[in-house]
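Chain by chain, the residues run as shown.
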Amino acid sequence: MDIGLFVFGLIQAGVAFLLANGRALMGEETMRERFVRNGIFKGLGTPDTDAPEGFLRRLRDREGRASVVSALAMLPGLTTLGALPNPSAAFPILVSLAFAGRLLALAVLGAREASAAADGPRISRGRVVTLADHVPAWAIGVLVAVQVAFVVAASWLVTGPAWHPWGLFASLALTAACVAGAAWLARQPQRAADATELAWSDSVRREDVVALLTLGPIATMVLGALLLGGDTAQGPVGILVWVNFVVVMVAVLVAEAASRRRAKARLGAGEVSGARR
Amino acid sequence: MLVVDPSLAVPPFEQIKQQIVAARESGEFPANHRLPPVRHLALELGIAPNTVARAYRELEASGVIVTRGRAGSFVTGTVESAEKAGAAAARDYVATIERLGLTASDAVRLVRGAVGQG
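The listed protein sequences correspond, in order, to chains A and B. Residues in the first sequence are numbered consecutively from 1, following our numbering. Residues in the second sequence are numbered consecutively from 278, following our numbering.
In case anyone wonders, no lab produced these hints; they're calculated from the structure. Note that the coordinates shown come from a computational prediction; the quantities given were computed from them, not determined experimentally. Don't take each hint at face value.
[Claimed, not checked] With the C-beta cut set under 7 Å, the calculated list includes, among others, these residues of chain A facing chain B:
#1 Ser115
#2 Pro121
#3 Arg122
#4 Ile123
#5 Ser124
#6 Arg125
#7 Val129
#8 Ala186
#9 Pro189
#10 Ala193
[What the hints assert, rightly or not] Just a sample of chain B residues kept apart from chain A, beta carbon distances all over 12 Å, derived:
#11 Ile293
#12 Ile297
#13 Arg311
#14 Pro314
#15 His317
#16 Glu335
#17 Glu337
#18 Thr344
#19 Arg347
#20 Tyr370
#21 Val388
We put the beta carbon where it would ideally sit given N, CA and C, even for glycine.
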């Protein structure tokens with residue numbers, strides 16, 4: 001690999017890292033704005049209370065550790081630079097790896113946070129939260145159906161010597177693994193001292209669960225861009241990539257919006273009492 | 278909602294027991310409400326699994342919960358919760374009768390007939 005390509009790869013990796021780890025890199029005051037009642041960066045469907053200090057400290061620690069894993073996860077992607085006909089095609093791979101590394105680390109660390117020793121009181125809602133509590137089943141169905149439809153359509157429409165549909169079908173296995181991972185994460189015990197902290201914990205858990213669910217379709221999009229980016233014997237097929245991009249983004253937004261509505265309904269119903277005043 | 282405060286004089290297993298009994302009586306945990314597995318609840322409350330297991334064991338002995346093998350532990354119904362569920366079903370039935378254009382005496386006659394069949 002020549003030095004120019006290496007520097008180009010590092011720049012791409014740096015941008016990908018910034019994209020994936022924005023929350024870990026933001027300043028303390030900026031982050032606080034995401035987790036206070038009237039914060040200017042406060043997310044939709046989050047509790048109308050200030051997040052407790054201990055919760056924010058744990059979150060920052062988790063994000064910091066996840067960003068290290070995110071950087072490490074990009075290393076295999078950097079090795080593909082020399083193998084790709086167009087070095088800039090590595091960017092979506094690097095972004096996906098950075099997001100995937102961060103997400104997996106967040107999921108594992110989030111699932112383990114309840115096992116830390118408790119000094120003060122701890123709270124439980126007295127039932128196991130499931131994936132359906134965070135994201136409605138129909139939204140997950142839309143997300144998976146869109147991906148299956150794209151993979152099947154692409155495999156049917158595109159032929160030629162350079163065409164490897166197995167790559168797209170492998171992404172379906174990844175999606176299944178992501179759905180299973182999201183279901184596992186949703187069920188993991190949460191750590192909270194009171195109802196307010198539990199509501200914030202719910203909110204962050206929901207974000208992680210939705211992000212895990214969308215990883216599979218986004219991987220399909222990236223694989224599609226790589227596998228269908230050029231021309232085949234049948235002519236240009238890049239249009240499929242754009243169709244997939246638009247459809248996946250719509251499906252991801254539908255899943256996000258549905259999960260936010262569900263979170264809002266749960267807060268409104270006062271399941272976590274004291275979280276909304 | 279279950280809260281365990283280790284600083285209280287009441288032992289944690291007793292706190293869990295009292296709160297599950299109270300939640301059952303208030304209807305917060307209705308009949309057949311599935312409680313979390315022992316290890317899950319222990320992690321959430323920051324206590325030893327044996328403490329939760331003891332609370333579950335004693336609640337089962339007193340008939341507040343029932344354990345159905347690997348399916349987990351479930352809250353049993355109280356007379357009050359059964360009456361509440363019955364009253365809700367009766368309201369639904371009356372609404373259906375009114376929608377069908379039948380009278381109150383028709384409704385009672387139909388219930389008597391159904392009870393006779395049962």
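A quick look at each hint next to the structure:
A distance limit of 7 Å between C-beta atoms decides the matter here; for Ser115 of chain A the minimum to chain B is near 6 Å, and the interface restraint holds. Interface hint status for Pro121 of chain A: upheld, as the beta-carbon distance to the closest one in chain B is roughly 4 Å, under 7 Å. Annotation: interface hint on Arg122 of chain A holds; nearest CB of chain B at approximately 4 Å, less than 7 Å. A least Cβ separation of about 5 Å between Ile123 of chain A and chain B falls short of the 7 Å threshold, and the interface hint therefore holds.
The interface hint given for Ser124 of chain A is met, as the beta carbon of that residue sits about 4 Å from the closest beta carbon of chain B, less than 7 Å. Checking Arg125 of chain A against chain B by beta carbon gives a least distance of about 6 Å; that is within 7 Å, so the hint holds. Interface restraint check: Val129 of chain A against chain B, minimum CB-CB distance 9 Å, threshold 7 Å, status violated. For Ala186 of chain A, the suggested interface contact is broken, since its CB lies about 12 Å from the closest CB of chain B, more than 7 Å.
At about 4 Å, the closest approach between the beta carbon of Pro189 of chain A and any beta carbon in chain B falls short of 7 Å, and the interface hint on this residue holds. Interface hint status for Ala193 of chain A: violated, as the beta-carbon distance to the closest one in chain B is roughly 9 Å, over 7 Å. The claim that Ile293 of chain B lies off the interface is violated: its Cβ sits roughly 9 Å from the closest Cβ of chain A, which falls inside the 12 Å cut-off. Residue placement check: Ile297 of chain B does not keep its beta carbon more than 12 Å from all beta carbons of chain A (closest about 7 Å).
Not every CB of chain A is more than 12 Å from the CB of Arg311 of chain B (nearest about 6 Å), against its label as outside the interface. Its beta-carbon lying about 7 Å from the closest one in chain A, Pro314 of chain B breaks the requirement of being farther than 12 Å from that chain. Consistency note on His317 of chain B: stated as away from chain A, yet its beta-carbon is not over 12 Å from all of that chain's, at 5 Å minimum. Interface exclusion of Glu335 of chain B from chain A stands, the closest Cβ pair being 17 Å apart, more than 12 Å.
With a closest Cβ-Cβ approach of about 16 Å to chain A, Glu337 of chain B is found to remain outside the 12 Å limit, as its non-interface label requires. At the 12 Å boundary, the C-beta of Thr344 of chain B stays outside the reach of chain A, the nearest C-beta of that chain being 15 Å off. With a least beta-carbon separation of about 14 Å from chain A, Arg347 of chain B lies farther than 12 Å from that chain, consistent with its non-interface assignment. Remark: the non-interface label on Tyr370 of chain B is consistent with the geometry, its nearest Cβ contact in chain A lying 26 Å away (cut-off 12 Å).
Residue placement check: Val388 of chain B keeps its beta carbon more than 12 Å from all beta carbons of chain A (closest about 33 Å).
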